[in-house]
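Student: Each protein sequence line maps, in turn, to chains A and B.
Under my numbering, the first residue of the first sequence is numbered 1, with each subsequent residue one higher.
Under my numbering, the first residue of the second sequence is numbered 392, with each subsequent residue one higher.
Note that these hints are calculated values from the structure, not bench results.
Warning: the hint list may mix true and false statements.
Partner residues aside, some chain B positions facing chain A, computed with beta carbon under 10 Å [what the hints assert, rightly or not]:
| hint | residue |
| --- | --- |
| 1 | 455 |
| 2 | 459 |
| 3 | 461 |
| 4 | 465 |
| 5 | 469 |
| 6 | 479 |
| 7 | 645 |
| 8 | 651 |
| 9 | 654 |
| 10 | 655 |
| 11 | 674 |
| 12 | 712 |
| 13 | 735 |
| 14 | 738 |
| 15 | 739 |
Glycine is no exception: its CB is placed at the ideal position from the N, C-alpha and C atoms.
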Amino acid sequence: MALTRRAFVTTLGLGGAVAGGYYLSGGRLIGPWSRPDADAAVTSGARLLLHNNENPLGPGDRAMEAIHAAMSDPDLPLARYSFATGAVTTGIAEKFGCERGNILLGCGSTQILRTATEAFTSPERALVIGSPSYEECPGMAAVVNAPIKALPLTGSKHLDLDAMADAATGSGLVFLCNPNNPTATVHSAQAVQGFVDRVLSASPETVIVIDEAYHEYVTDPAYESQVPLALETPQVVVARTFSKAFGMAGLRLGYALGHEDTIDRMSAVHFGMARNALALAAAAATLQDPARLDAEALRNTEARKFTMDWFASHGYEMTDSQCNFIFVRINRTAAEFRDACATHGVLVGRDFPPYENEWTRISIGTMEEMQQAVEVFGDVLEVPAAITSAA
Amino acid sequence: MSVSRRGFVRSLVGRSERARVAPAWISARGREAWVGELGSLALQDGAAPAAAEPEERTIRLSSNENPLGPSDVALQAIDGSLVYAGRYPMNAIPAIADFVALVAERNGLETTQVGLGSGSGEVLNCAVRAFTGADRGVVTATPSYEEVPRAARGRGVPVAEVPVDDAGRLDLDAMVAASSGAGLVFLCNPNNPTAAVHPADRIADTIAKIETASPETVVLVDEAYHDYVTDPAYASAVSLIPRHRNLLVARTMSKAHGMAGLRLGYGMGQPDLIARLNQWLTPFNSNAMVVAASVASLRDDAGMARERDRNTAAKQFTVEFFSSAGHQTTDSQTNFIFVNLGKPAEGFRNACREQGIAVGRDFPPMEKTHCRISIGTMEEMQRAVEIFKTALTA
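Okay, chain A solo, but in the shape it has when bound (with noise of 0.2 Å):
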């Protein structure tokens, strides 16, 4: 499908029309948590986009077609108040074999995690997280005065489970995100269940978030979703989103998985009308498609390899990457190779603390896009580091 090229194009003809850093006015703009280069795809004409672990295919035909229905209809659901969530709660139903209760929709899975965060944190109730992790829940526990226990990683770059399982303990919250964004590092079912086990038994009010937003491209066989566990477990929710696999980062639509009970929690602080009629058409017929996801996982797979082969052959260290983007030690600052890439056209991804020294994130974009950039990532970490980066 054509769309990206079509994107690129556009892309590069306009751009510049853009006052940059809208978003840090945000919650992004508190703590280590910033995002300097949030707004910096269309001010630079990039072209290819490896910044924001987005499908780079989009959300396919089938998609498209709801979408041009929604358009069509003479019901007119652009213009309605329906909120005709029927068909993508159903379909999520269906999926994991739970009730329409067990699922709260947001504005992608962002909408869901600052909404946990609200509901379950609070100035004497923590937030207790990995760092570096994704950053919705730091940013939204930070609007709320709730504190923050941020916990190192391991040396292999996975969440430090047993650090967060002793700071656990009296929390509001922890957020699991598993893989790990922006390490790309996974844990198993059995690391996962057991570090559950531990937090409930001391500390049976907290509540555990699992972030499993790149499900779907995890390779690893001992890792599992936690679904069926947080569909049974009050204090457990897990958050997906249409926004990755999916390739709808533009449509806006996430979930919620737990217990009836926690979703009601969620519900009572939750803003219910953000969510619109273009992403519950394109999600509903999607869902419906599941030989798509499994299509979009192994080019994935594919492309990533061959990635993570180039930077294994040119000797540099990399994590072992569960997700649509690679985890790299580019032995320079983030910054700098960001700046040079970026002067090729070629946008990665943003600082990662404490890691924005020595490593960077890069998406995984299509098997021709990831071509063209290992020539640029190439001719970039050809030039001798400008700044001897901080051991």
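On the provided structure of chain A, position chain B as indicated by the hints.
Tutor: Showing chain B alone in chain A's frame:
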């Protein structure tokens, strides 16, 4: 426009090739023309005849939506933006920031003075979260739009309700009096559900008085129906923003722009106020398609004038019907009317529903006498008044 063709539509949109063609076709010929054509197109495709599904489509006069949906330019923009469906909205063209810049430019503001919501509903909801608390309550009129008091009560925030006057206007003096120490005063102008508008000088005077009486209180002026107002005494409160650091003005793409299902609204105020609001608004709450549609629609001043004129004519027709039937309406400056039925809304609503017309919900404390009716197309209102005739005597 025939409204009994859902069966045809389903068979049509099930075919990917035809579904792809449809938006361009609509863009070229207009939505109502397209719907009118559906029968013959579908029959050419060998679809089931109308008799296979005889149900009539309900005419929705219940949620103050634009009965024509997004404009042709907006639909074209959506079609063009679909290449970005897989990209986060800040990577699309136009990007979120382009819409922010356009709103700022059209309102004489800086981009730091605009915050986006998933509809203005999220702006209202987040204003409650950002500016109120258990000891800083909400002041609102009753009846008025419910999102602010609903969000407040859900969070244990006290709500002071000030009844509207006999003409359905906000009792601005009483609201000023109630504002001392409040976190948020909600002024819906024009007011939903009473449809009444307040002159620019009265709104300016009210905001100034609240600022004097209670300097930390935020005043939220909801201008959801701004584009439908025809009263020359009305003006947006946006021009007052430079003078009041605690003034927030909300607008939406859901009403005159016809995008209620697409979700985009915005709040405008001084940078510090917007920064406080933005902390609560969901990042990336604006999908790439609604951003593209909104950039196109907001620039289309001629299209908005046509929509306002269309609504005004259909509204006038409907008001005249009720007037001739002996039922008073408030002076509507919106795409809905507030009618004194002289009896409870519920019975009228049920009678209308049986005949395929959906009208507005209860609006306490006026639900025993008044009903809110949204304005559809002229054709829909011509059909609706025939049903209103029987429902009024039921």
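Student: Holds or violated: is the Cβ of residue 674 of chain B closer than 10 Å to a Cβ in chain A?
Tutor: With a closest approach of 5 Å, the residue 674 of chain B hint holds.
Student: Under 10 Å is the threshold here; is the Cβ of residue 459 of chain B close enough to any Cβ of chain A for the hint to stand?
Tutor: OK, holds: residue 459 of chain B within 10 Å of chain A, min 8 Å.
Student: Any CB of chain A closer than 10 Å to the CB of residue 739 of chain B?
Tutor: Hint violated; residue 739 of chain B Cβ to chain A Cβ min 21 Å, cut 10 Å.
Student: Measuring from the C-beta of residue 479 of chain B to each C-beta in chain A, is the shortest one below 10 Å?
Tutor: 5 Å, holds
Student: If you take the shortest Cβ to Cβ gap from residue 465 of chain B to chain A, is it below 10 Å?
Tutor: 9 Å, holds
Student: For the hint on residue 738 of chain B, does the least C-beta distance to chain A fall short of 10 Å?
Tutor: 24 Å, violated
Student: Holds or violated: residue 654 of chain B as interface residue toward chain A, Cβ cutoff 10 Å?
Tutor: Interface hint status for residue 654 of chain B: holds (4 Å vs cutoff 10 Å).
Student: Using 10 Å as the Cβ threshold, decide whether residue 645 of chain B counts as touching chain A.
Tutor: Holds, because the Cβ-Cβ distance from residue 645 of chain B to chain A comes to roughly 8 Å (cut-off 10 Å).
Student: Verify the interface restraint on residue 469 of chain B: the C-beta must sit less than 10 Å from at least one C-beta of chain A.
Tutor: Holds: closest Cβ of chain A sits about 7 Å from residue 469 of chain B, inside 10 Å.
Student: Quick one, is the residue 712 of chain B hint okay against chain A at 10 Å, beta carbons?
Tutor: Constraint on residue 712 of chain B not satisfied, violated at 24 Å.
Student: Double-check residue 455 of chain B for me: the hint is only fine if its C-beta lies closer than 10 Å to a C-beta in chain A.
Tutor: This interface hint holds because 9 Å falls under the 10 Å limit.
Student: Against chain A, is residue 735 of chain B within 10 Å by beta-carbon distance?
Tutor: Not OK, violated: residue 735 of chain B not within 10 Å of chain A, min 24 Å.
Of the numbered hints listed earlier, those contradicted by the structure are 12, 13, 14, 15.
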